[in-house]
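A.B. asks: Those sequence lines, one after another, are chains A, V, L and R.
Going by the numbering used here, 283 is the number at position 283 of the first sequence; the sequence numbering is gapless.
Going by the numbering used here, 285 is the number at position 285 of the second sequence; the sequence numbering is gapless.
Going by the numbering used here, 57 is the number at position 57 of the third sequence; the sequence numbering is gapless.
Going by the numbering used here, 9 is the number at position 9 of the fourth sequence; the sequence numbering is gapless.
In case anyone wonders, no lab produced these hints; they're calculated from the structure.
Mixed in with the good hints, there may be bad ones.
Stated by the list, open to error - Residues from chain R that face chain A, not an exhaustive set, calculated with beta carbons under 7 Å:
| no. | residue |
| --- | --- |
| 1 | LEU47 |
| 2 | GLY50 |
| 3 | THR62 |
| 4 | GLU64 |
| 5 | ASN239 |
| 6 | ALA241 |
Claimed, not checked - To list a few chain L residues with every Cβ distance to chain R over 10 Å, as calculated:
| no. | residue |
| --- | --- |
| 7 | PHE36 |
| 8 | VAL51 |
| 9 | ILE176 |
| 10 | ARG190 |
| 11 | ASN203 |
| 12 | TYR238 |
| 13 | LEU290 |
| 14 | LEU316 |
| 15 | ASP321 |
Stated by the list, open to error - Lysine-lysine pairs mimicking DSSO-like chemistry, simulated, CA-CA at most 30 Å apart:
| no. | chain 1 | residue 1 | chain 2 | residue 2 |
| --- | --- | --- | --- | --- |
| 16 | A | LYS221 | V | LYS339 |
| 17 | A | LYS221 | V | LYS362 |
| 18 | V | LYS29 | A | LYS275 |
| 19 | V | LYS248 | A | LYS195 |
| 20 | R | LYS188 | L | LYS88 |
| 21 | V | LYS385 | A | LYS221 |
All residues carry an ideal CB built from backbone N, CA and C; glycine is no exception.
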Amino acid sequence: MAGKSGRSINNVPEAPLKKMILSWEGILVVLLVLVNIFCAFYSEFYNLSSLLRQMPIYLAEVFLLLPMAYILVLGEIDISVGSIVCLTATMSCIVCNTGAPFIVVILTALAVGAVCGAVNGFILTRFTELPPMIVTLATQIIFRGIAEVVLGSGGSISATNTEGLILLTGKVGQVPYILFLLVVLAVIFAVVLGKSTFGRRVYAIGTNRLTAHYSGVHVQKIRFIIYTVMGVCSGICGLFLLSSSFGANTTTGKGFEMDAIAMAVFGGISSTGGKGNLAGGIISAFIIVCLRVGLGQRNVHAQVILLILGVLLICAVALPNIIGQARRAVKR
Amino acid sequence: MSDYILELKGITKIFPGVKALNNVQFQLKPGEVHALMGENGAGKSTFIKVITGVHKAEEGEMFLEGKKVDFKGPRDAQAAGIAAVYQHPTSYPHLTVAENIFMGHEIVKRGMLQWKTMNEEANKLLQQLNADFDSTAEMGTLSVAQQQMVEIAKALSTNAKIIILDEPTAALTKRESEELYRIVDKLKEEGVSIIFISHRFEDMYRLASRVTVFRDSQYIGTYDVNGITNADLIKAMVGREITELFPKPEVKIGKEMLRVENFSRTGYFRNVSFEVHAGEIVGLTGLVGAGRTEVVEAVCGITKPDSGKVYLEGQEIHIHTPSEAMDKGIILLPEDRQKEGLIMSWGLGRNVTLPTISKYAKSGFDNEKKERELSKELLEEVDTKAVDIFQPASSLSGGNQQKVVVAKALSQEMKVVIMDEPTKGVDVGAKAEIYAIMGDLAQKGYAIILISSEMPEILGMADRIIVMCNGRKTGELSREEATQEGILELAMEKGKNAGKEAR
Amino acid sequence: MKEKSLLKKITGSREALLVVILILLFAIVTALSPSFLTPKSLMEVLKNNSVTIIMALGMLCVMLVGGIDISIMSTAALSGMTIGMLLKYEKISNTLLAFVIAIAIGTLCGALIGLIISRADVPPIIATMGFMYIYRAMAYLVSNGGEWAGAATLGNYKDFANKSFLGVNSILWIMIVCYLFFFIFMKWTRTGRKIYAVGSNPNAAEVSGINVKNIKLLVYTMMGFLAGLGGAVHVAVYASAMPDLQQGGEMNVIAACVIGGVSMSGGRGTVLGALLGALILATITRALPLVGVSALWQNMIKGVLILVVVVVNVILQRIADNNALKGREM
Amino acid sequence: MNKKLVSAILCGAMVLGSVMPAAAAGVGEGQKLAMVVKSAGNAFMELAAGAFKETAEAEGATVEIVYPEAPTADAQIKVLDNLISQDFDAIAISANDVNALQAKLQEAMDAGIKVSSFDSAPNPDSRQIFVNQAGTVEVAQALMDAVLDITGGEGQWAILSATSQAANQNAWIDAMKTIMEEDDKYSKLELVEVAYGDDLPDKSTEQTAALLQNYPDLKVICAPTTVGIGAAAKYLQDNGAECKITGLGLPSEMKEYTGDDKACPYFYLWNMEGLGTLTAYTTMAMVAGDITGAAGDTYTAGELGDYEVVEAADGGTEVILGAPMEFNGENIEEWAEIF
């Protein structure tokens, strides 16, 4: 080739260990340990078994975090998930009450979730001009609205056939099934996002959508898939909520979208797209769960807990920026 | 009173980790057009931003009409009569032309903006520039050339004594450039001093009386335009001699690779047909907005054509998505490197492998080792000036970014390579290298389509030249019969075949 | 030239389109329920949606610079609750003073958000999500954990919403003043145009000497100002202050702006558009129970209508663009 | 690094959040009781919670009032999980949903925690007793009679409820419908609509306005919810409407609107503080083993007197505080001072 200067370009990455310790995830792990130490001192009831016992209801929300991380990496947002949770819980409860085999109930939840997610995906990929925020805001109202219609004037449905649901709340020793399922799914989602070609393309779309399109990435297809998976995971969340309350009502899952987004952002996944990874999101989810359990065990006022979470959230994003700015200022 | 209207001495500007300007100097005489040249990354743009107060220099002094000045921000420079027209139009697409012109120095009475007066004033300025649009038009609906005109009108509106034009012709076609020359001449007559940055030698010869050259953040020298040869100037800029700018190899033209028939897309192009053969470089030219880019984007599945057929090696193919085009070996190097070609915040390696990542992945999971090796190999093949494959694409100069785009194309199995303005904003040294790569690809037997607005480039590299005008193919010239004038005539054949006159 | 004037017509007629939609809505609702189109009924629509209508102005500014603020209703709750408690415990009794305090609190809250967003580069959705929790929690703390300030404890303040000046209800006056001010501010002042400039092209704004950070600070502060005012108006209109007032209402404000043609990516949107968007939303809310839609179906239909309005907007825009292309010379 | 600061702030916040118990001697000596309310920021609940805490602490018990983060069943499940971890002796709860808490409350009962409920009952399987503020039928009867009285015996009326899933609201509405069907004297009354204001002032106002526009001859709106009655009363009074309002509300909220010439001639409520006190005694009696929560149990609730556990309409058991109180133009001033 002409003009060849024989210049060599380095392709050996930095030592991964060093990178890992200095990363946000490293800091989060330390924080997780600190939070647990703090909680153990703060609440006399805080121990592994109480944590494991109280965890399931919180973990149900973490299922939403997994695909939400993908959506945030895309640079988008889905605020309809809480309503999808409500609708899936409602529909699967109805199916459950007909005495259908439990597998049918599970499939119903997943299918309803998938359909809702696909509706979001369809509108968003068909009308790419529309911002996800406004579309999912509308479907948020619609999905919960459908649940309200289905639930009728009581606004609540209770499971009469709880056999299968009890199965879901089972435990191995002290460890609830939900934790196993969550860990398995979390590993899958994290690896797919971090290591697979699919994940790489998601980052490409989130960083520069146009370049991704020109480079042959199926932008709309990937968006559609992710929104649909978001729906499916909402279905899983709905199923576990159903099993923890043996019923559903019009407020089921309200505000879950914000919780999931908060966990992801706290974990270093930027809402502007293209940045962060699921490991951080999952660690931060556990930090938040542990903190809520620990504070809750001393009956700290719910609003105070939310206040603390709000402060933490802003600090987590603002402090690194402020420190970075200060560092740059000092350098100059 | 000093001889110079503007003089800068010993300017040093440091960005975190880089010395962007190292002890440079510059003198501007009243009423002269002074060209500022140098390769990309030589520090020209930073220097301009120091003059206009956007950046503050760490060291050095600046004198305006002999008086030492110290700008705290762009406003101070504006107030002192310095106006700049930046390389990328710094316009507000959602606002009207008048607003864009008067942004920052609006006409205000009792705290209220005077829209009527501003619109009228803006129209006057636009008339001076022979603009064909109104001051109430929305900026985003204008063409790049028109936007450039607004920028110049903006500079005029401040009654500036010194106007800085940073690569104003980069996005302009020949005809539009002529228009710009006329405006600059007129400004000169009115006694305005002009600093002119450009990669085009023709701009410099046409306009400037003196030229200052920067290289590697340093001042190299100031020359009289009449007293310096092309070769010397290139040597000053690049630091070495470039023997041949257009190394067009003699290649035996092979069989037909790609044929496009009666391609149409409403509002963009109509009934476009052409073909490319193996080993052939076909130049596709015309004015900006003639539909060149739109045609090839439709061929590559980036947009959907309304009608028409595409044949690859004689077989009709149907392409619906960019990835289908790539699978078939039709590779597009897009026009806008930063927005379409590269992910600027990503490392070079990942950029190179983005289109091909799944080809060597193991059951959907990325083979990072192989990926790193492949990207190193490809980046070295095109001789990218980079330290490692992890550095972000944004850290490279324009020419090297273009090389990464080429490497990205090379990672795929190619049959037809479409290069859309591959040397836009690329300095002269890197240009030659890109032409060399192009020639090399042709020699290897790939069919190449070169889209370009630069006449010398088209004339120098293409075997066959297709000219488009207003969405139609207006002519086809062989290498031998092509002349600058001939191409221009075809490119401006506006309305000759079209039904009714525009407007 | 032809293409340009066509495009201009389309962008210029966005508001005209909204007016058409609004008139259509009015016509349909009136046909189904004639009592809708009476001055009294319309006045109620305005009054009952005054908080959304007022705050849409602030959201317009925030969205013009490409931001978003989901903490506004928490800010409103904090300021509304604070004056509610002050009035209840008779620390203050003057209506004007109450308004001033509420607005001051709102402005402070907004300024803090603006500082975090502009100085620490926190994405707006994250920063305002954090403050949504924080300010709401503070509203609870201010209310001593959940007291209400009811009509009886609000003294003269509660009568404010029923008073009229020059035959026009005081709440309507507030809206008129706000909209007039913003209409002039956004169109005729430098600062107003700077907001558009920052949203349209932040880099260019920086280069041309606009302090982008301060403009961002300004819009969130203005949003806070209006949120504080909204809190005070809520307390006046409903004669009660509760710590959970207007919870979830921020989405109405955002929806109003988007329906009104305000772009979420910044740069595009007008005061008139925000007003029309808010009015369309208000009409839908009002109309659903009026035309006899069963209570159970109301939410769902409201969601569908919002979706339909934004999708129809996109489709019309596409048709217009397509026509513009067809009109192009070849 | 920066996180240290954050945890320091955290510690501060948490210290604020915890409450030190006060010691005394009484029935509740050494008992650890928790009350779970529907949500924070509900003035109505605060009255009962305050009385509960005061009464139980006076009797020597330790009391925690716990607030879920949102007025939903999910949030209450999280709170219950926390309480089960903490070895409470009893939980008194006002349920956000009839059935949703069953699993958790059963888990609590299995762990030996006594579960009483007040204000809004969970289903019979998830509680040991329900302290009913006023018998459902009694409330419905009172409201029906008020409607009959205010309409003058005939005409249209409507109900403005809270949310469609509010358990107690639905129970009253159903009971009112039953009463209306069973007795001939209500035959000239026409219930035109049940509207839901979601306990939001703006939505309640909107619904009230819609009711008036759709049914110009509407004579009475019955709103068995505090936010709804307040918003509707304000709307009716501001507009000088012919239509009157009655229902259940807080005297302090309704003071402005109550009286013969005002929007609300009279309305009802039980003694919210009494409800808290009775819940406290009932809960303490259960923990002490004086009662099991079965029908027929009797116990003394301090100065409130003796109470007997009876069968509830839903198949569980309950104690009934007493008949609802009527608030009218004559006594509203006096009661508005109290709650």
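A.B. asks: Hints first: check each against the structure and report whether it holds.
C.D. replies: Checked hints:
{"no.": "1", "hint": "LEU47", "result": "violated, 18 Å"}
{"no.": "2", "hint": "GLY50", "result": "violated, 15 Å"}
{"no.": "3", "hint": "THR62", "result": "violated, 11 Å"}
{"no.": "4", "hint": "GLU64", "result": "holds, 5 Å"}
{"no.": "5", "hint": "ASN239", "result": "violated, 29 Å"}
{"no.": "6", "hint": "ALA241", "result": "violated, 27 Å"}
{"no.": "7", "hint": "PHE36", "result": "violated, 7 Å"}
{"no.": "8", "hint": "VAL51", "result": "violated, 8 Å"}
{"no.": "9", "hint": "ILE176", "result": "holds, 20 Å"}
{"no.": "10", "hint": "ARG190", "result": "holds, 37 Å"}
{"no.": "11", "hint": "ASN203", "result": "holds, 30 Å"}
{"no.": "12", "hint": "TYR238", "result": "violated, 4 Å"}
{"no.": "13", "hint": "LEU290", "result": "violated, 5 Å"}
{"no.": "14", "hint": "LEU316", "result": "holds, 30 Å"}
{"no.": "15", "hint": "ASP321", "result": "holds, 38 Å"}
{"no.": "16", "hint": "A:LYS221 x V:LYS339", "result": "holds, 21 Å"}
{"no.": "17", "hint": "A:LYS221 x V:LYS362", "result": "holds, 21 Å"}
{"no.": "18", "hint": "V:LYS29 x A:LYS275", "result": "violated, 50 Å"}
{"no.": "19", "hint": "V:LYS248 x A:LYS195", "result": "violated, 43 Å"}
{"no.": "20", "hint": "R:LYS188 x L:LYS88", "result": "violated, 43 Å"}
{"no.": "21", "hint": "V:LYS385 x A:LYS221", "result": "violated, 36 Å"}
In terms of the numbered hints stated before, the structure departs from hints 1, 2, 3, 5, 6, 7, 8, 12, 13, 18, 19, 20 and 21, listed from lowest to highest.
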